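Colleague: Below are the chains, spelled out letter by letter.
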Amino acid sequence: MRIVCPFCGERELGEFTYLGDAKPVRPEAGASEDEVFDYVYLRDNVAGETSEYWYHGGGCRTWLKVTRNTLTHEISSVEPAAGAGAAKVGA
Amino acid sequence: MAGAQTHRLGNAGLIDRSAPLNFRFDGKAFSGFQGDTLASALIANGVKLVGRSFKYHRPRGILTSGSEEPNALVELRTGARREPNTKATTAELYEGLEAASQNRWPSLRHDVMSVNQLFAPIFVAGFYYKTFMWPAKFWEAIYEPAIRRAAGLGRAAGIADPDHYDKAWAHCDVLIAGSGPAGLAAALSAGRSGARVILCEEDFTLGGRLLSDGGTIDGLPAAAWLSKTLDELAAMPDVRIIPRTTLFGVYDGGTYGAIERVNDHLPSPPEHQVRQRLWRIVARRCVVAAGAIERPIVFAGNDTPGVMMASAMRTYVARYAATPAKRIALFTNNEDGWRTVETALGAGLQIAAVIDARPDVSPAHRSLASKSGFPVLHGSVSGVDGGKDGVRKIAVSLTGGARAEVEADGLAVSGGWNPAVGLTSYHRGRPTWRDDIAAFVPDGAPPGMVAAGAANGDFGLGACLSQGFAAGAAAARDAGHNGKAGIAPVADDEVFSLTPLWHVAGKGKAFVDYQHDVTASDIELAQREGFESVEHLKRYTTLGMATDQGKTSNVAGLAIMAAVSGRSIPETGTTIYRPPYVPVAIGAFAGHHRDETFHATRLTPSHHWAVEQGAVFVDTGLWKRAQWYPRAGEKDWLESVTREVKAVRGGVGFCDVSTLGKIDVHGSDAGAFLDRVYINTFSNLAVGKARYGLMLREDGIVYDDGTTSRLAEDHYFLTTTTAKAGLVMQHLEFCRQVLFPELDVQLTSVSDQWAQFSIAGPKTRDLLKEIVDPAEDLSNEGFPFMGAREVTLRGGLKARLFRISFSGEMAFEISVPARFGDAMARNLMLAGAPFGVTPYGTEALGVMRVEKGHIAGPELSGTTTAADLGLGKMMSTKKDYIGRVMAGREALVAPDRQVVVGIKPTDKARRLRSGAHIIPKGQTPGPGNDQGYVTSVCFSPTSDQWIGLALVERGRERIGEIVHAHDPLRGEDYDVELCNPVFYDPDGGRQRG
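These protein sequence lines are chains W and H, in that order.
The first sequence begins at 1 in this note's numbering and counts up one residue at a time.
The second sequence begins at 1 in this note's numbering and counts up one residue at a time.
Keep in mind that the hints were calculated from the coordinates and are not lab data.
Be a bit skeptical, because a hint or two may be false.
Stated by the list, open to error - Here are some chain W residues pointing at chain H (derived, C-beta under 10 angstroms):
{"#": "1", "residue": "P6"}
{"#": "2", "residue": "L13"}
{"#": "3", "residue": "T17"}
{"#": "4", "residue": "G48"}
{"#": "5", "residue": "K65"}
{"#": "6", "residue": "T72"}
{"#": "7", "residue": "E74"}
Unchecked claim - Label pairs and their in silico Cβ distance ranges:
{"#": "8", "chain 1": "H", "residue 1": "D16", "chain 2": "W", "residue 2": "S77", "range": "49 to 59 angstroms"}
{"#": "9", "chain 1": "H", "residue 1": "K878", "chain 2": "W", "residue 2": "G20", "range": "25 to 35 angstroms"}
{"#": "10", "chain 1": "H", "residue 1": "K878", "chain 2": "W", "residue 2": "E35", "range": "16 to 26 angstroms"}
{"#": "11", "chain 1": "H", "residue 1": "N684", "chain 2": "W", "residue 2": "F7", "range": "49 to 59 angstroms"}
{"#": "12", "chain 1": "H", "residue 1": "H715", "chain 2": "W", "residue 2": "S77", "range": "50 to 60 angstroms"}
{"#": "13", "chain 1": "W", "residue 1": "E74", "chain 2": "H", "residue 2": "F785", "range": "52 to 62 angstroms"}
{"#": "14", "chain 1": "H", "residue 1": "K878", "chain 2": "W", "residue 2": "F37", "range": "20 to 30 angstroms"}
{"#": "15", "chain 1": "H", "residue 1": "P270", "chain 2": "W", "residue 2": "T17", "range": "53 to 63 angstroms"}
{"#": "16", "chain 1": "W", "residue 1": "L71", "chain 2": "H", "residue 2": "H272", "range": "42 to 52 angstroms"}
{"#": "17", "chain 1": "H", "residue 1": "V495", "chain 2": "W", "residue 2": "G48", "range": "39 to 49 angstroms"}
{"#": "18", "chain 1": "H", "residue 1": "A833", "chain 2": "W", "residue 2": "F37", "range": "57 to 67 angstroms"}
{"#": "19", "chain 1": "W", "residue 1": "L71", "chain 2": "H", "residue 2": "G346", "range": "20 to 30 angstroms"}
These numbers come from a predicted model, not from an experiment.
Where is the CB? At the ideal position from N, CA and C, for every residue including glycine.
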């Protein structure tokens with residue numbers, strides 16, 4: 001498997017570390033235990049396109065948001081994950 | 001003296017007769033030539049019997065001439081290099097080669113276990129499941145060992161492999177599998193287009209079937225065209241051809257696995273060379289020109305030595321000038337089989353008969369038969385009379401019902417050809433059925449991959465050339481190369497006419513899977529017992545599960561299943577194809593990652609100095625750390641460690657602690673950032689001060705701890721444990737980039753940039769004064785406990801000094817740029833000599849931390865909360881931080897949790913050991929009353945007895961209680977007292993002094 005890092009170019013899997021689903025957003029301070037529980041534990045088991053966090057530890061140390069199809073392993077987009085999990089304050 | 005090559009033809013073939021080679025098979029001396037395989041050399045010496053079968057111990061000969069071989073498996077080489085299950089058909093002959101047949105005792109010709117054939121009725125499909133069901137306890141003790149002795153393949157060496165294996169990456173535009181006509185044509189067009197090309201060929205000679213079947217290409221004999229083409233390719237700088245290399249797998253993103261047998265053709269690899277190399281090839285496009293595999297027809301006695309695939313027989317004759325038989329019969333259901341007759345006649349061999357299962361035979365072949373004086377029989381082979389010395393007579397059922405008999409010493413069989421669909425199917429692609437060739441052809445190939453020529457089901461030489469050429473040009477174009485490919489090589493296509501025939505009914509065992517001894521009747525039985533699905537069929541009968549992965553057997557097996565279950569072959573379907581295409585040695589996957597190079601080794605900045613001191617080292621993760629520094633006359637580690645602890649507690653010692661993770665945190669929001677990742681507050685830490693910090697995971701469990709200092713308003717210096725150094729960096733980057741992008745903060749890993757030493761003991765200041773510039777104030781007022789700042793050393797070097805203590809003594813940690821680490825260690829020794837300075841290792845470090853009740857790895861176990869560790873009060877209630885909410889969950893704050901507590905044995909002389917279970921006193925140990933376990937122990941020189949830390953239910957409320965330590969692993973039972981975990985200087989006066 002190969003990931004095209006937006007900063008380093010196409011690199012081999014061994015340079016990256018997988019974290020998991022990039023969908024959940026960290027609840028704001030003061031969120032209820034149930035909300036935080038969902039954030040920490042609840043994940044969809046997607047057959048198809050999913051977004052996930054990958055860390056380019058063997059390169060630029062950027063956390064990336066990779067859109068990947070779990071059925072074909074095809075990667076359709078890779079972008080920096082900046083703020084992807086941030087609480088949407090005021091939203 | 002080597003035996004004569006009685007079965008070698010005069011003056012033909014691709015062997016080098018000027019280079020004779022001696023070899024031994026089962027101890028007997030033979031000779032062959034450079035260019036032989038072990039199989040061709042055995043054939044040239046008239047050897048027909050090469051092994052015994054897996055289950056029935058039937059005599060077996062050589063069936064094929066390639067990597068699909070199911071029968072001719074040998075143990076190659078001896079001693080540590082002995083390799084079982086090596087295919088004689090691909091093993092290149094070298095001077096002094098030694099091979100032994102497998103699965104026979106006491107000898108190949110007189111095999112005791114061949115009596116298994118008499119019991120054949122019980123060895124049917126699923127017999128292991130049926131026969132050895134009960135009593136259950138007999139399985140491990142009796143059945144399995146007995147079966148393993150009787151069935152089984154070759155023996156592994158059992159000694160460490162003395163050879164080296166390499167791993168390498170390669171990148172190209174177009175990767176080509178196979179150097180037959182299709183592969184070479186693809187290389188020509190892709191190379192001419194300007195693409196970077198890698199071509200992998202499994203064989204040691206390039207050319208594929210051209211080497212055996214010849215033909216005319218562009219008006220030239222095949223050999224001449226081959227040589228011209230290889231010259232043209234060799235002149236292209238971006239075309240790389242790697243022989244002896246099998247493409248065995250395809251992975252995501254156009255990554256391919258290939259195994260190169262670099263030096264398997266030599267007795268042992270030349271010095272400093274590897275035996276095999278594992279290639280990972282990244283290719284934009286891949287052309288699979290891996291050809292096709294001829295398939296057997298299933299009939300009684302089809303495993304008799306001397307029965308051989310028709311294509312293999314003509315390969316041995318044409319390429320190796322070796323004659324598997326003198327009087328050959330051919331059993332075919334297609335036109336291609338007849339080429340063996342032509343080759344054999346051309347070599348002066350006799351044809352006994354052709355048994356053709358088709359209704360019609362071409363007039364040309366008919367006239368060939370009458371001219372050469374052999375009969376053409378319409379019908380099928382229904383049985384073979386022969387044994388370990390080979391084929392004697394062949395029974396034929398003629399169309400119409402009559403019977404005939406043919407005398408021959410060799411039987412060539414052709415049931416048609418199966419495209420090699422492995423590579424194209426490894427991403428779950430299901431091959432589709434083509435009626436005209438009665439075979440599965442590639443479908444659903446991985447992205448960027450295309451099959452060409454015989455691998456695509458188009459067997460004619462002309463089709464191979466034109467398809468290969470077109471595929472190569474298209475692949476180059478797709479990869480962005482548009483150079484002129486020129487004109488494709490041209491050749492005529494042979495006629496391919498085939499009447500499907502899979503199985504001929506008859507008396508006696510008819511083998512489908514030779515290597516696993518699966519017969520046609522096993523498949524019929526599986527169907528009767530309900531194992532109709534191909535995946536069930538495979539597992540119930542073990543069809544296709546041997547080391548050859550059913551290359552010659554799978555399709556015939558499916559066809560028989562289809563026939564007995566009343567379905568078509570495509571309805572029956574194929575099993576899932578999985579890599580590797582050929583067996584790959586584990587050593588090749590490991591490469592250089594074995595023994596001391598299993599992983600990278602990290603050395604501390606003072607490592608070489610510590611080696612000079614005679615330190616004993618311990619592996620901690622990738623690091624080598626000095627564990628203790630033995631001195632002359634000390635009888636064991638405990639004596640050394642005890643001396644080191646006493647020296648620190650009574651004077652001064654130092655220890656390299658550079659392995660801790662170190663991270664510089666910069667930015668105007670650095671404090672706010674740390675507040676969110678630690679349970680305690682750092683934004684209010686004064687510049688010039690250090691503070692202990694604890695991090696949780698988002699689920700509320702403790703993640704890591706360490707000391708963080710504030711060196712400037714916008715600059716913190718954070719340390720982590722040795723084990724979590726990389727992971728904490730990754731975690732903090734996640735927090736910074738993904739969760740808190742609004743914060744102005746930057747992280748820099750500086751673990752390798754700083755050498756850090758802990759200097760501890762009451763004489764620490766005396767020693768430091770010799771190191772640090774006299775202008776620096778090290779007094780308790782000028783540099784109080786938990787102070788942290790930059791200082792100048794004597795000589796002008798800037799260092800970071802931290803007044804922190806893990807040992808509980810008056811202590812500092814000093815950081816200098818890593819390149820000065822070695823000098824610092826030497827300097828501390830020199831300057832500390834008047835104070836009796838003592839270097840101490842991780843063991844003494846551990847003893848002192850247990851004496852102080854500090855938590856470390858065994859307590860940060862991934863199950864403990866801050867409160868479990870006695871650090872609950874550090875959890876801020878005034879801010880949000882990672883793990884805060886989940887840490888408040890009911891079970892994580894339950895009052896009966898296991899918490900850290902000290903333990904000491906009631907018998908002062910008793911040694912403690914980690915891992916012992918804590919049970920209430922007076923109770924019989926069991927899962928119901930297990931209240932925790934011992935996490936860390938040490939012999940405490942200060943207490944003069946063993947002490948420890950344990951996680952114990954409600955431990956802190958039970959100080960003073962005597963409990964029972966139960967250690968079933970070591971068979972130890974004793975009483976311990978629960979106590980305050982801080983054994984030494986509980987009010988901390990020493991570290992503050």
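Colleague: If a hint holds in the structure, say so; if it doesn't, say that too.
Modeller: For each hint, the structure was consulted:
no.: 1; hint: P6; result: violated (13 angstroms)
no.: 2; hint: L13; result: holds (8 angstroms)
no.: 3; hint: T17; result: holds (7 angstroms)
no.: 4; hint: G48; result: violated (16 angstroms)
no.: 5; hint: K65; result: holds (9 angstroms)
no.: 6; hint: T72; result: holds (8 angstroms)
no.: 7; hint: E74; result: holds (8 angstroms)
no.: 8; hint: H:D16 x W:S77: 49 to 59 angstroms; result: holds (57 angstroms)
no.: 9; hint: H:K878 x W:G20: 25 to 35 angstroms; result: holds (30 angstroms)
no.: 10; hint: H:K878 x W:E35: 16 to 26 angstroms; result: holds (21 angstroms)
no.: 11; hint: H:N684 x W:F7: 49 to 59 angstroms; result: violated (36 angstroms)
no.: 12; hint: H:H715 x W:S77: 50 to 60 angstroms; result: violated (36 angstroms)
no.: 13; hint: W:E74 x H:F785: 52 to 62 angstroms; result: holds (58 angstroms)
no.: 14; hint: H:K878 x W:F37: 20 to 30 angstroms; result: holds (23 angstroms)
no.: 15; hint: H:P270 x W:T17: 53 to 63 angstroms; result: violated (39 angstroms)
no.: 16; hint: W:L71 x H:H272: 42 to 52 angstroms; result: holds (46 angstroms)
no.: 17; hint: H:V495 x W:G48: 39 to 49 angstroms; result: holds (48 angstroms)
no.: 18; hint: H:A833 x W:F37: 57 to 67 angstroms; result: holds (60 angstroms)
no.: 19; hint: W:L71 x H:G346: 20 to 30 angstroms; result: violated (53 angstroms)
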